[in-house]
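Given chain Z, put chains F, B, R and G in place with the hints provided.
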Amino acid sequence: MREAEPSTNEREFVLAALKEGARIDGRKFYDFRTLRLSFGSDYGAVEVQLGNTRVLAKVSCEVIRPFPDKPTEGFLTFNTELSPMASSAFEVGRQTDEEVLVSRLIEKAMRRSRALDTEGLCIVAGEKVWSIRVDIHFLDHDGNLVDAACIAAITALLHFRRPDVTVVGEDVTIHTLEQRNPVPLSIHHIPICISFAFFDNGERVLVDPTYLEEQIKEGDMTLTLNVHKEVCAMSKAGGIPMELDQILQCTKIAVVKVTELTALIQEALEADAKKRQVSRK
Amino acid sequence: MSRVELLSPEGLRIDGRRPAELRKITSTTAVLSQADGSAYLEHGNTKVLAAVYGPREARHRALVLHDRAIINVEFNVAPFSTGERRRRTKNDKRLLEMASFVKQTFEPVVVTTLYARSQIDIYLQIIQHDGGTLQACINAATMALIDAGIAMTDYVCACTAGWVEREAAIDLNHIEESSDTSEVTVAMLPKSGKITLMQMESRLHVDKLEEVLSLAGEGCKQMHVVMDKTIRDRAEDLAAKMAV
Amino acid sequence: MTSTSAAPSPAFTFSASTFQKLHPAEYFRKFISQGVRPDGRLLTGFRPTTVHYGVISTANGSAMVRVGGTTVVCGVKAEVAEPRLDSPDQGYLVPNVDLSPICSSAFRPGPPSEQAQVTSDAIDRVLKESKVLDLKDLCIEEGKAVWSLWIDVVCVSYDGNIYDAALASVMAALANVRIRKPTYDEGIVKVSGAQELDDDNSFKLNLNRTPLSASFVLFDTSLELLADPNFAEESICEGQISVTVDEEGQICALSKVGGGSSSPSILKECVDRAKERSKDLRALMQQQ
Amino acid sequence: MARLDRTRTANQLRPFFSSQNLLNRADGSAQFDFGGSSVLCSVVGPAEVKIRDEKLDRATIEVIARPLVGLPGIKDKSRERSIRETLEPLILSGLHPRTGIQIVVQTMKDDGCILSTAFNATVLALLDAGIPLNSILGSVTCIVDEKSGEILLDPTTEELSQAKSTHVFVFDNKSSISTTGAAAMDLDSESSPILFSDSTGLYTEEEYFKCANICHKAAQTVHGFIRTAVQKKLEKEYQQTHA
Amino acid sequence: MASTLSEESRDSLQIVLPGDLLPATESSFNEDSASAPIIKLGPGLQPLQDDTISAVKAGVLKHAEVGNRWWVESNQRRYVAAPGESVIGVVVGKTVEHYKVDIGAAQTALLGVLAFEGASKRNKPNHEIGTLLYCRISLANKDMEAELECMNPTTGKSDGYGDLKGGFVFKTSLGLARRLLDPKTLILRILGQHIPFETAVGMNGKVWINSANAKHTILICNAIKNSEFLSQEECVTMVKGLVDRL
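Chains as they are written, first to last, in the numbering used here: chain Z, 1 to 281; chain F, 1 to 244; chain B, 1 to 288; chain R, 1 to 243; chain G, 1 to 246.
Same shape as in the complex, but just chain Z (with noise of 0.2 Å):
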């Protein structure tokens, strides 16, 4: 099913009200969406909401053998399959270019950035170690699907815990969560994604655009950074041509952005080990 195309009325409106500073949801050019974090009972799952956007993030792990050319390193992998939940234009099964992109942005912003430590996953060198596994569900599609895919991701593995194990000599033991607390995964730092939306020449630069806002755009860039300022991937494929003193301002509207995000998140798996503490009393 082809997506329908935005009204010729909707596209003149939209840049019309930029003109006069005016989001239709009447948000401001650089703020996000109101964010959402829900936790479920169990550990590493996790439902983001932004705005209308929908994304649930579970994290889930089991014990394999390693690559015999890196022994010591566990595995992290994704799943970004694009959902006909999310729109009835995701077809099952087809590969488009837009979930290449967007599950090669999550790569990128997770695995190619260190996010995780894989070398903390190694049970026994050469034998076994921890592969993590993190299934990204899009459930709604009100634009933006990359930032709040990432914000998914990323809080599912803070939140996440594994079973604890215990190795004497090459007898692994694996803990239930009854016998043993689980242990959290070591993370090194918090990669968030920033995504702009470009109109008018470039003249007009949006956060966080919403469906309506995607379809209409002339161009886009995805950044990705953490609260040391460290910019862990940048992408810009094509669409209108900017002035690099524009894509620069960018990156100090995503240092900002990435400091309140990450706040947020924080906040939020606080909030929840707080409740899990009280509900175990």
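Hints in this document: simulated from the structure, not taken from any laboratory.
A quick note: this is a predicted structure, and the numbers were derived from the prediction, not measured.
A virtual CB, placed ideally from N, CA and C, is assigned to each residue, including glycine.
Incorrect hints may have been included.
[Claimed, not checked] Keeping only pairs whose Cα atoms sit at most 16 Å apart, straight-line, the calculated EDC-like set for lysine to aspartate or glutamate is: (1) G:Lys165 - Z:Glu12; (2) Z:Lys229 - F:Asp207; (3) F:Lys221 - Z:Glu243.
[To be verified] Short, incomplete list of chain F residues facing chain Z, as computed with Cβ under 8 Å: (4) Leu22; (5) Gln104; (6) Val184; (7) Thr196; (8) Leu209; (9) Glu211; (10) Gln222; (11) Val226.
Same frame as chain Z, now just chains F, B, R and G:
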């Protein structure tokens, strides 16, 4: 773990270049007789062949756009191109992503509205890989499109730059690339100096970003000079032959 | 298209085969109302069934089952594999049903069809949840090596009711399995290389039970129960009921999918008939 | 009598939760929870359908089941087929020929009984989407416990692992209607027609029909819950005009 | 379970679910065919084989004495074309004889190029792809694409139908769209007291708003969307809150 010294105490790189020096570029156009346009390009040891077919009838009717041409990019890596022989499947996400990047880079530059309801195919073949595949592909595609006589508003010139140990350097080779250096590929329209594509992987502090990006921009301008010369030489050559 | 059953005008006649093509459901209804089916069976009748053991010499166990026009071949191959960490002394049973375009025009090339996957899943569940085989029997050396039994069912000719035929072929092939006795030594599994397999150098599987099934479809609003449907009957009818029972009369699986609601009495009837049918089938399998 | 979670009796369901109209891109959506199990369902349609799948006399119904962890496998295909074939006679698809109704079922949390949870989420989502149905349905799962031989309703994952047999049932609300007015509804009379049934393990005929009856009773509770959920939603919508 | 509906108090909403049978009241359902009044069934109801009538959608059961009509008022988002209804659509294609218009239904609808006020072969309006049109469904049938017209068929006048210039359009549920057309719903009037604006509401859940500037239009759109699940008093406060922030 002992790491390779990427920068000598004198500030020279592993292959003897200075930080802002491109590798040796060799380029020719019209290398294929069957394609409507083609180009062969070497960035040092990275070797790429580009072929352009079209504008021609779109292969799938359903994809036809009523007001402009569709650009289709296909990407192929020869199994012998890398150090270890590796068969790449058609669905390798890295390759699909690259193809998508090239496609999106040329969409705003090619005057697609001149060729409504048609399709332009760009085929890229990596023959030898020594770092900077994306830049080489974009540069080769630009020359192949020009060779095919397809209307474009400007050249698209691409160059990589990265933070090699303690300095920014351009046009990284494979060893520099794979030592976990942060590398950025920039594609620029030389006339306006605007950036159309930018890709970066691995971490880099924000404060160093400007330096790396500007250096990449310089690299793009150098590339433009080289590419322009090849194109003009070829055009003059042709003009001379026609005059005879 | 209204019902033509009323009183067809005499000026408008055509051959039975044309009638069948034009109004398959109506054609069928005429037969059912007379208590017979187009292929001559009674409503409760099963198609002639044959079982042949050991048809594939390259497999550890095999069987071919023919139910009317449906023919399936099942081959079981044993391979040494590493056990899972959470079940170090258990082997694997991996059933797979393949419905390729060769057996019917209803199947297309490409990834397995939904029906193939659903049938594989149903057999998988019967084997595991009804504890047909103790997976510990497949252990060679705890935590190191176990047998993995690849149970592949290939449909050669498809004419409906694949589940009954496939399950029967799987059970027959499992009963036919002979695996060379393994020895485990320092990470290497050795098996005897003798040409002839006998009880000294090989072992048979110890099957706890032999579940066999009978499937039925519900035709129309009259809710007539048709046993062992062929392809044409499957396409006309909506509801499908399958009952799998073992030799002691215990139910191993019962599924009712599609169609309207069925009263428990219909399900009871299915269970009774499934018990009879599996008894006949079991006798047939033991004859050989 | 004590169950593993120590809070329920054998024939008690876990707490229900549901919420409709959650997704903005779908035509209808609903989430249904049985305790720690949760399924989100979206419905799109009657919408455009691929020519290959088009049916001239009715709507084409497509069900896509997506697991919480991993890529969809054969278990999910089985669930898709079970849900689709149960809904096909329920949806008045003849009212919308040459269109498609796409149903996506996503597991959100898994603590057993996912198929039943999915059935209930689906019917709520279909109601939310306004797809014409000839009745509603309710689904409940039960097990026969290996050790005690007791029938336990709505089991958790842990309980499922100790089951001798597992039984999933679906009942529509027509059966209860047709019996009202006539003789008083006798739930133990074993006369409850079964819309869908899927049972595995090892069990006797007697056990099976006992399970069917217990689940039928529980399914009535689910029907009642669905009715209340719809009622609450409509009351909210009518605040302005029906004050 | 509540299966056959009893005559509950008139004020409360009478809610039905698929499978519920219509109450067999003496006045409307009479076996004696001579005196039985004719019952007209509207959306959401289907006759069964045994002469009973069953609901097929979840909603509020409604009855009009005039013509003894019964129907179920339900809310949904997907539009199903019905003749005579006014809708807002987008031109997505053109042929010599027709515009193809997306009205949010399963199939695109057809609008004859001459179905405009005063249109003739020589002189007819030309609408590009992407144009927003307010039109009326002239023909709808479940087996075929719906047909549209941009004029009143009896008078041949435009009656306000035609292309919508400027402004913004957004999607709501069909229930909200229907309520916006109901004079009892106050949200449009409440908004009008603060900001002058033009509006067109399509039964397909498309609402078009145009006002003096973009910020006003955005406010109105958001206020209407917010109003769906609010009471009248809450609407007044909500609108006031939005206007004050402007």
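Classify the hint on Val184 (chain F) as holds or violated, based on whether any CB of chain Z lies nearer than 8 Å to its CB.
holds, 7 Å
Hint check: 8 Å Cβ-Cβ cutoff, Val226 (chain F) to chain Z
With Cβ-Cβ at 21 Å, over 8 Å, it is violated.
Hint consistency between Lys221 (chain F) and Glu243 (chain Z) [alpha-carbon to alpha-carbon, up to 16 Å]:
holds, 15 Å
Interface hint status, Gln222 (chain F) versus chain Z (Cβ within 8 Å):
Not OK, violated: Gln222 (chain F) not within 8 Å of chain Z, min 16 Å.
For a C-alpha distance cap of 16 Å, please report whether Lys165 (chain G) and Glu12 (chain Z) respect it.
Distance of about 11 Å is within 16 Å: holds.
Interface hint status, Leu209 (chain F) versus chain Z (Cβ within 8 Å):
holds, 6 Å
Quick one, is the Thr196 (chain F) hint okay against chain Z at 8 Å, beta carbons?
holds, 4 Å
Taken at face value, is the distance from the CA of Asp207 (chain F) to the CA of Lys229 (chain Z) at most 16 Å?
holds, 8 Å
Next item in the hint list is Gln104 (chain F). Is there a CB on chain Z closer than 8 Å to its CB?
This interface hint holds because 3 Å falls under the 8 Å limit.
Should the interface hint for Glu211 (chain F) be scored as holding, given a Cβ-Cβ cut-off of 8 Å against chain Z?
violated, 11 Å
Checking hints one by one. Is Leu22 (chain F) an interface residue toward chain Z, by the C-beta closer than 8 Å rule?
Result: violated, 19 Å to nearest chain Z Cβ.
Checked against the numbered hints above, the structure breaks hints 4, 9, 10, 11 and satisfies the rest.
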